[in-house]
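As a plain string of letters, each chain reads:
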Amino acid sequence: MAIKMTMPKLSDTMEEGTIIKWLKKEGEAIKAGQVVAEAESDKATMELEAFDEGILKKIVVPEGGKVGVGGLIAVIGEEDEDISDILEANEEDTKPEPEKTKETNKTETESKAPEPPKPAVAAPPPTTVSPPAKTDIKTASDGTRLKASPLAKKLAGEKGVNLRSLQGSGTGGRIIRRDVINFLDKVQNSEAAEKEPVKVNLTTMRDVISRRMTLSKTTIPHFYLTTEVDVRKTAEFRKALNESQSDIKISFNDIIVKAVSLALKKHKNINASFAGDHILQHDRIDIGVAVTLDEGLITPVVRNCDQKSIGDISKEIRSMVKRAKERKLVPEEYTKATFTISNLGMYNIEEFSAIINPPEAAILAVGAVKKVPVIEEDQISIGQRMKLTLSSDHRVIDGVAAALFMRDLKKRIENPMAMVL
Amino acid sequence: MAEITFREALNQAMAEEMERDENIFLMGEEVGYYQGAYKVSQGLMERFGTKRVIDTPIAELGFAGVGIGAAMTGLRPIIEFMTFNFSILALDQIFNNAAKLRYMSGGQIKVPIVFRGPGGAAHMLGAQHSQCLDPWFCNVPGLIVMSPGTPRDGKGMLKAALRDDNPVIFIESEAMYGMKGEVPDTEYIIPIGTGEIKREGKDITLIGWNKMLHVCMEAASLLEKEGIDAEVIDPRTLKPLDEQMIITSIEKTNRCVVVEEGWPYAGVGAEIAFRINKMAFDYLDAPVERISGEDIPMPYAHNLEKEVIPGAGKVVNAAKRALYID
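Read top to bottom, the protein sequences are chains A and B. Per my numbering, the very first residue in the first sequence carries number 473; after that it's consecutive. Per my numbering, the very first residue in the second sequence carries number 83; after that it's consecutive.
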């Protein structure tokens, strides 16, 4: 006999559901308990299981299609079974409301469609808690008497549990108190489960970040040096630069990139990579600039920064950030940096320690520019300060070497005019 | 509180009431000079004299009738049956006169009489002397039926029976006369129609009276070892029944085993089960289970007799059925 698969009620508030995916095609054999489709309610996506075995004769609701709870979504039957009756009846049922009302008004009792049988699909776990109809207590869906102890019936009535959704564990399948209680517990648990963290699958980028950062933090012996930089002059310098030309807008970060490149040129031991039994010192000074994206971050690389002007660096970074956000960067544009700068100053982060991006030997974490009281010649004045933190690979760089690099970098940022020389 | 035997407790009840009310007298076979077949009336003849403690011929119908006549004229007799097996001879007097005269006289004639003696099986007394006749008396309108399970209850209940103006069937047990129990030193009355929770529990209610109270208590101990917390209740008065206590217990436990010594068909347990079904239906999570004596005349052989009388094992099994434990 052909069996109707209908849209189950997947949540308390669900009124209609969407078929997300059919996992079986028309004509395919289905076993009882097999997941045949995925359906989405207003809350979640659930798997739909077949209760019976047979051939998936007809998919009534295609992928992406919506249907009300209890609506026909597919028909399961024998290989050569004629299911046109069911499909016709279904079309009749899904006719627009006014027409139907008219019809039933005419011949109320005769044209009434038979009660739809028990849904052929179930969503695990069942969460159909609703005030039971009178008939629920007396009969099961197949017309046989539903056996439940008086107490179970009373309890189910009070708690709004549909006895039809329970399996009796008492004598002869009688539904007893513990069945109702177990069911309520299960529903509570599944409600609790809904409040559990949402599972977000890793994007490729997230996956790469997780693996590279784990590799870095577990294999590279990091150490951190923080220095405070007086950026009063730098701010003035930046202002002057931006006022001199209207087509560019230099950021603090652009100036830092340039200053770092010059400092790296002098401190070649920082612009290096650990390579197992030797260290590679790079001639090129290619600086990666960390850019945040919705799904992670990427570090576009400005090549040969030491040879570029601040303006060129600024333009290049701006262009690459734009394309990074559009996900249009090609791999050559975000790989093979020799040093990375990460700046959270715009988020008002005072200072932080970054994780080295291997195979680089160091990374610079840039904090926010802050107005602070400073004492100069026994006078308190308002100064502008910024904190820089260098994370170094101790296998390549020792503390003093890193300190010397930071001292050099600090000097360059604090006296920016030298950069234009 | 003193620890005394069941027979001493009953003896005290009669002595105290006879002391209090000179209309009370005791009559029966060997109650006087022999001090009672089971020594329940020990010392009473010596204390109250031969006018108030009267030995009768072996003629149950006769002395039951004499007692009823005495009650009609204002005395308050205690009629002792050596066992209730012999009361069968006196049933015409009990059913047709004791039970009905107050009704048929429009309330003009009261019959304040207590028929007491041991009921049920004792030990290898044969089919004719090992019968539990509780349902017989319970079935007749106009009779109060009481059946104590402890010395304390025996004394308090017998005193209540002796103060009531209606005929009371007071069923004791040969097997329990030697049972000891604590009995209050001060006077107390256990009113007719009041049961008692003998053991508090929450998982299942076991109902038993007389000897079966102790079978239920033993079953409760066995169930406790399996983690089942049984409540044991004793209605004490079989008619009128303490329905409230029974229903309250069922509302708590949702399950019940009624245990009675008598035969299954139309037993007191059947009546109790019906009332639970009627009044606590929505609280039942399983059908009420019944354990009764087997539906045969009592075998004489000891091993068979043991099988016929309900034991704790049967009660435990019934409790497990009601708890859906295989």
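Mixed in with the good hints there might be a few duds.
To be verified - Label-pair restraints from in silico Cβ distances: (1) B:E333 - A:K658: 47 to 53 Å; (2) A:A504 - B:E389: 47 to 53 Å; (3) A:A504 - B:D408: 41 to 47 Å; (4) B:E333 - A:V507: 41 to 47 Å.
In case anyone wonders, no lab produced these hints; they're calculated from the structure. Beta carbons are placed, not taken as given, at the ideal position from N, Cα and C, and that holds for glycine.
Going down the list of hints, with the structure as the test:
1. The supplied range of 47 to 53 Å is broken by E333 (chain B) and K658 (chain A), whose beta-carbon atoms lie about 26 Å from each other.
2. Distance hint check: the CB atoms of A504 (chain A) and E389 (chain B) are about 49 Å apart, consistent with the given range 47 to 53 Å.
3. A504 (chain A) and D408 (chain B) have their C-beta atoms about 27 Å apart, which leaves the hinted 41 to 47 Å range violated.
4. The hinted range of 41 to 47 Å is satisfied by E333 (chain B) and V507 (chain A), whose Cβ atoms lie roughly 45 Å apart.
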